[in-house]
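S.K.: For reference, the chains in residue letters:
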Amino acid sequence: DTEVTQTPKHLVMGMTNKKSLKCEQHMGHRAMYWYKQKAKKPPELMFVYSYEKLSINESVPSRFSPECPNSSLLNLHLHALQPEDSALYLCASSVRFQEYSNQPQHFGDGTRLSIL
Amino acid sequence: AQSVAQPEDQVNVAEGNPLTVKCTYSVSGNPYLFWYVQYPNRGLQFLLKYITGDNLVKGSYGFEAEFNKSQTSFHLKKPSALVSDSALYFCAVKVTGANNLFFGTGTRLTVIP
Chain C
56 DTEVTQTPKH LVMGMTNKKS LKCEQHMGHR AMYWYKQKAK KPPELMFVYS YEKLSINESV
116 PSRFSPECPN SSLLNLHLHA LQPEDSALYL CASSVRFQEY SNQPQHFGDG TRLSIL
Chain Y
902 AQSVAQPEDQ VNVAEGNPLT VKCTYSVSGN PYLFWYVQYP NRGLQFLLKY ITGDNLVKGS
962 YGFEAEFNKS QTSFHLKKPS ALVSDSALYF CAVKVTGANN LFFGTGTRLT VIP
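From first to last, the protein sequence lines stand for chains C and Y. Note that my numbering has the first sequence beginning at 56, numbered continuously upward. Note that my numbering has the second sequence beginning at 902, numbered continuously upward.
Heads up, a few of these hints could be off.
In silico DSS-like cross-links for lysine-lysine, where the CA-CA straight-line distance does not exceed 30 Å [to be verified]:
#	chain 1	residue 1	chain 2	residue 2
1	C	73	C	95
2	Y	970	C	95
3	Y	950	C	95
4	Y	923	C	96
5	Y	959	Y	970
6	Y	923	C	95
7	C	73	Y	970
8	C	108	C	74
9	C	93	C	77
10	C	77	C	91
11	C	91	Y	923
12	C	108	Y	950
13	Y	978	C	95
14	C	108	C	93
15	C	96	Y	970
16	C	93	C	74
17	C	91	C	64
18	C	77	C	64
19	C	96	Y	950
20	Y	950	C	64
21	C	73	C	96
22	Y	950	C	77
23	Y	950	C	93
24	C	93	Y	923
25	Y	959	C	95
26	C	96	C	108
27	C	77	C	108
28	C	96	C	77
29	Y	978	C	96
30	C	95	C	74
31	C	64	Y	970
32	Y	959	C	96
33	C	96	C	74
34	Y	978	C	93
Distance ranges between label pairs, derived from CB positions [what the hints assert, rightly or not]:
#	chain 1	residue 1	chain 2	residue 2	range
35	C	72	Y	980	46 to 56 Å
36	Y	1006	C	117	26 to 36 Å
37	C	171	Y	931	25 to 35 Å
38	C	82	Y	903	19 to 29 Å
In case anyone wonders, no lab produced these hints; they're calculated from the structure. What you are looking at is a predicted structure, and each value in this text was computed from that prediction instead of being measured. Every residue, glycine too, gets a C-beta built ideally from N, C-alpha and C.
Produce the entire structure from the sequences given, and follow the hints as far as they go.
M.R.: In structure tokens, the structure reads:
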């Protein structure tokens, strides 16, 4: 069983809809990540939160809006998405996000998003 | 610049035979190396990591990996493959002094009964 929980598992939405993806971990990790993964490709980093503050935004379009309400929760708010945004969205966490941290990231099972 | 290469998109091996999934890296500092496995409709699962010390690293589900500094490689191995090992495998590298984790393109392993 994964220790990072993502909801919903599947989401179908129109291009004008607003929806949110949720991620939760109770391992006491202080770094949380959003990745986008296309079929048979490696995950692409989108955002990193460290101690509930946004540390990295990999030039992600503003139609994706992350939020970290507390150390256990990470949200990704979606608005006016495009068909090319259809993908598997993965959340991950790690003990810390520091340049000398060698701890692995722990991934959730993802939300499979389809944009109509 | 940091990069990771997985030269084989697909590896097929017969059940019970040894398996190897290859990974080479190019970094400008000391690497931390990781292997992850992804089963269909699942997230990535951590298998093992190399930080420092013994070049042979043992991980979950009987997997191991050998760090070779001179060849800048970190190949994943298992002495006897199981059908249930069939999945997508990703090698990843992080460099001391940098924040991001760089993933290889992935290798699909198929174990044939």
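S.K.: Run every hint past the structure and note whether it holds.
M.R.: Now for the hints, and whether the structure bears them out:
1. C/73 to C/95: holds (27 Å)
2. Y/970 to C/95: Holds, at about 29 Å.
3. Y/950 to C/95: Holds, at roughly 22 Å.
4. Y/923 to C/96: Distance of about 17 Å is within 30 Å: holds.
5. Y/959 to Y/970: holds (17 Å)
6. Y/923 to C/95: holds (17 Å)
7. C/73 to Y/970: violated (49 Å)
8. C/108 to C/74: Roughly 22 Å between the alpha carbons, so the hint for residue 108 of chain C and residue 74 of chain C holds.
9. C/93 to C/77: Cα-Cα ~19 Å, so holds.
10. C/77 to C/91: holds (14 Å)
11. C/91 to Y/923: holds (24 Å)
12. C/108 to Y/950: holds (27 Å)
13. Y/978 to C/95: holds (21 Å)
14. C/108 to C/93: holds (27 Å)
15. C/96 to Y/970: Distance ~27 Å between residue 96 of chain C and residue 970 of chain Y Cα, so the pair holds.
16. C/93 to C/74: It holds: about 20 Å lies between the C-alpha atoms, which stays within 30 Å.
17. C/91 to C/64: Satisfied, since the Cα-Cα distance of roughly 14 Å is no more than 30 Å.
18. C/77 to C/64: holds (10 Å)
19. C/96 to Y/950: Cα-Cα ~21 Å, so holds.
20. Y/950 to C/64: holds (28 Å)
21. C/73 to C/96: Given pair residue 73 of chain C, residue 96 of chain C holds - Cα atoms ~26 Å apart, limit 30 Å.
22. Y/950 to C/77: With Cα atoms ~28 Å apart, residue 950 of chain Y and residue 77 of chain C stay inside 30 Å; holds.
23. Y/950 to C/93: holds (25 Å)
24. C/93 to Y/923: holds (22 Å)
25. Y/959 to C/95: Within the cut-off at roughly 26 Å; holds.
26. C/96 to C/108: Between residue 96 of chain C and residue 108 of chain C the Cα gap is close to 28 Å, so the pair holds against 30 Å.
27. C/77 to C/108: Measuring from Cα to Cα gives roughly 17 Å; hence the hint holds.
28. C/96 to C/77: Holds. Residue 96 of chain C to residue 77 of chain C sits at ~23 Å (cutoff 30 Å).
29. Y/978 to C/96: Between residue 978 of chain Y and residue 96 of chain C the Cα gap is close to 22 Å, so the pair holds against 30 Å.
30. C/95 to C/74: holds (25 Å)
31. C/64 to Y/970: Status violated; Cα separation ~40 Å.
32. Y/959 to C/96: holds (26 Å)
33. C/96 to C/74: With a Cα-Cα distance of about 25 Å, the restraint between residue 96 of chain C and residue 74 of chain C holds, given a limit of 30 Å.
34. Y/978 to C/93: holds (26 Å)
35. C/72 to Y/980: 46 to 56 Å: Since residue 72 of chain C and residue 980 of chain Y have Cβ atoms about 50 Å apart, the given range 46 to 56 Å holds.
36. Y/1006 to C/117: 26 to 36 Å: holds (29 Å)
37. C/171 to Y/931: 25 to 35 Å: violated (47 Å)
38. C/82 to Y/903: 19 to 29 Å: This hint holds: roughly 27 Å between Cβ atoms.
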